[in-house]
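There are 2 protein chains.
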Amino acid sequence: MPNPTAAILIIGDEILTGRTREGNAHFLAGELVKVGIDLRQIRVIGDEHASIVAAVRALSSSHDQLFTSGGIGPTHDDITADAVAEAFRRPIGVREDARAILAAHYAARGVEFTEARLRMARIPEGARLIDNPVSGAPGFSVENCHVMAGVPNIFQAMVAGLLPRLTGGAPLLTRSWQMMVPEASIADQLGALAAAHPGLSFGSYPFVTEGRYGTNLVVRATDPVALEAGFAALKAAFPEGQ
Amino acid sequence: MPNPTAAILIIGDEILTGRTREGNAHFLAGELVKVGIDLRQIRVIGDEHASIVAAVRALSSSHDQLFTSGGIGPTHDDITADAVAEAFRRPIGVREDARAILAAHYAARGVEFTEARLRMARIPEGARLIDNPVSGAPGFSVENCHVMAGVPNIFQAMVAGLLPRLTGGAPLLTRSWQMMVPEASIADQLGALAAAHPGLSFGSYPFVTEGRYGTNLVVRATDPVALEAGFAALKAAFPEGQ
Numbered sequence: 001m002p003n004p005t006a007a008i009l010i011i012g013d014e015i016l017t018g019r020t021r022e023g024n025a026h027f028l029a030g031e032l033v034k035v036g037i038d039l040r041q042i043r044v045i046g047d048e049h050a051s052i053v054a055a056v057r058a059l060s061s062s063h064d065q066l067f068t069s070g071g072i073g074p075t076h077d078d079i080t081a082d083a084v085a086e087a088f089r090r091p092i093g094v095r096e097d098a099r100a101i102l103a104a105h106y107a108a109r110g111v112e113f114t115e116a117r118l119r120m121a122r123i124p125e126g127a128r129l130i131d132n133p134v135s136g137a138p139g140f141s142v143e144n145c146h147v148m149a150g151v152p153n154i155f156q157a158m159v160a161g162l163l164p165r166l167t168g169g170a171p172l173l174t175r176s177w178q179m180m181v182p183e184a185s186i187a188d189q190l191g192a193l194a195a196a197h198p199g200l201s202f203g204s205y206p207f208v209t210e211g212r213y214g215t216n217l218v219v220r221a222t223d224p225v226a227l228e229a230g231f232a233a234l235k236a237a238f239p240e241g242q
Numbered sequence: 001m002p003n004p005t006a007a008i009l010i011i012g013d014e015i016l017t018g019r020t021r022e023g024n025a026h027f028l029a030g031e032l033v034k035v036g037i038d039l040r041q042i043r044v045i046g047d048e049h050a051s052i053v054a055a056v057r058a059l060s061s062s063h064d065q066l067f068t069s070g071g072i073g074p075t076h077d078d079i080t081a082d083a084v085a086e087a088f089r090r091p092i093g094v095r096e097d098a099r100a101i102l103a104a105h106y107a108a109r110g111v112e113f114t115e116a117r118l119r120m121a122r123i124p125e126g127a128r129l130i131d132n133p134v135s136g137a138p139g140f141s142v143e144n145c146h147v148m149a150g151v152p153n154i155f156q157a158m159v160a161g162l163l164p165r166l167t168g169g170a171p172l173l174t175r176s177w178q179m180m181v182p183e184a185s186i187a188d189q190l191g192a193l194a195a196a197h198p199g200l201s202f203g204s205y206p207f208v209t210e211g212r213y214g215t216n217l218v219v220r221a222t223d224p225v226a227l228e229a230g231f232a233a234l235k236a237a238f239p240e241g242q
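Protein chains in written order, with full-length UniProt numbering: chain A, 1 to 242; chain B, 1 to 242.
Hints are computed from structural coordinates only; laboratory data are not their basis. Computed from a predicted model, the values in this text were never measured in an experiment. Take the hints with a grain of salt, since some may be wrong.
To give a feel for the contact side, a few chain B residues facing chain A, derived at Cβ under 10 Å [said to hold, decoys possible]:
{"hint": "1", "residue": "H76"}
{"hint": "2", "residue": "N144"}
{"hint": "3", "residue": "G150"}
{"hint": "4", "residue": "E183"}
{"hint": "5", "residue": "A184"}
{"hint": "6", "residue": "G191"}
{"hint": "7", "residue": "E228"}
Note that the Cβ used here is the ideal one computed from N, Cα and C, for glycine as well.
This is chain A alone, in the form it adopts within the complex (with noise of 0.2 Å):
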């Protein structure tokens, strides 16, 4: 059975603008290919009510699994929970027991439970929430749209809550054989070594360092198996790298 696909939704101005380097797509894609699922696209795009509509419609129906960053707190450009409930069409109010989540974190802490905060409590009709260890305010799964903060930590403790949730396939292995060459002076080769291996994935990364030219070659496969067999073969055509 192939693995299931996914697909990651990236909501921030600050992103498009250059302000913020995003870092949480990088991070859930690790994961992703921890547990086996097989990640097809990262899209960012900005606070815009109708452009996150369309994205969460097309990635969720496109992909077995859709997970969004950023756009769930309390200011008035905080408007995916809104989107994502209008691309489900499905209504949105605040929730009692994110309500009562939020009411046990900030009274644990002294923090007054202001009306912005209780924007957090705004959750999509039906949605199953996601816990948030750092900051209270949840993230929240509606249909295979998962919905998480853009704060790193947050996204992070978010992502390890979620992700056991989720039925993964077999995990993706790859093995790294660095060459301190140009890329260009190994491609032949790499290419016959693809062809002589239609089943497994060979990846070739060009890189700096130095003022020197090298190549990462990577070796790809679900089959422990067949990746041990192709990194072999890896090694054995290419003996100076390591």
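Fit chain B to the known structure of chain A by using the hints.
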């Protein structure tokens, strides 16, 4: 006249598998702001021909400019040039000017001009070359689609050569105001401020540093006078910031 719009398409399995943390989109986002081109979307997809063709068509037809990064090197997994040619329904082959650039580059460095390297002279018909002062192999523009390398220092050098060619609008200017308070505690006031200044964009970006919550408030405008008026209002509303 509104600013031109843009999208960035990043191509590479290594990003979707979490192996590489993508940085070219963040770099280009910062450059586009400076020249007044509004970045509306960043999309990351894998090294898959049909996906690249579909994404290039969708993003180039819905934005004034499309910038791509990745997949134009010499190896078998470098398939961007062929996919872009198909997206714009143009033939592709080795082009004499691109071949001459590569030949001169390698000759000057005593590097062999292999068959694999010749792959990098494959350019869609009618494309305009983008200079690569780092490693020779050019990028290219087909209509509104600008195809550049994924290696960061090459990508940045190509962007530097390309951007002056494109017509920009008014640069988006920003001013920031940092508060060492949680976002929720200023949400109501910020919402009121945004409502009172409909011509300006106010953003709110929470962060955590050394266990304390803080919030960066950002006002954005293309008109410097409007920007300063908005920033003065922001400072007046939140005198405890800095």
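Closest C-beta approach of H76 (chain B) to chain A relative to 10 Å, hint status: holds, 4 Å
Hint check: 10 Å Cβ-Cβ cutoff, A184 (chain B) to chain A: holds, 4 Å
Status of the N144 (chain B) interface restraint (C-beta, 10 Å, chain A): violated, 18 Å
Interface restraint verdict for G191 (chain B) against chain A (beta-carbon cut-off 10 Å): Result: holds, 4 Å to nearest chain A Cβ.
G150 (chain B) as chain A interface residue, shortest Cβ-Cβ below 10 Å: Check passed: Cβ of G150 (chain B) comes within 8 Å of chain A, closer than 10 Å.
Hint validity - E183 (chain B) Cβ closer than 10 Å to any chain A Cβ: holds, 5 Å
Proposed interface contact between E228 (chain B) and chain A, which counts if any beta carbon pair is under 10 Å: violated, 18 Å
The structure shown violates the earlier hints numbered 2, 7.
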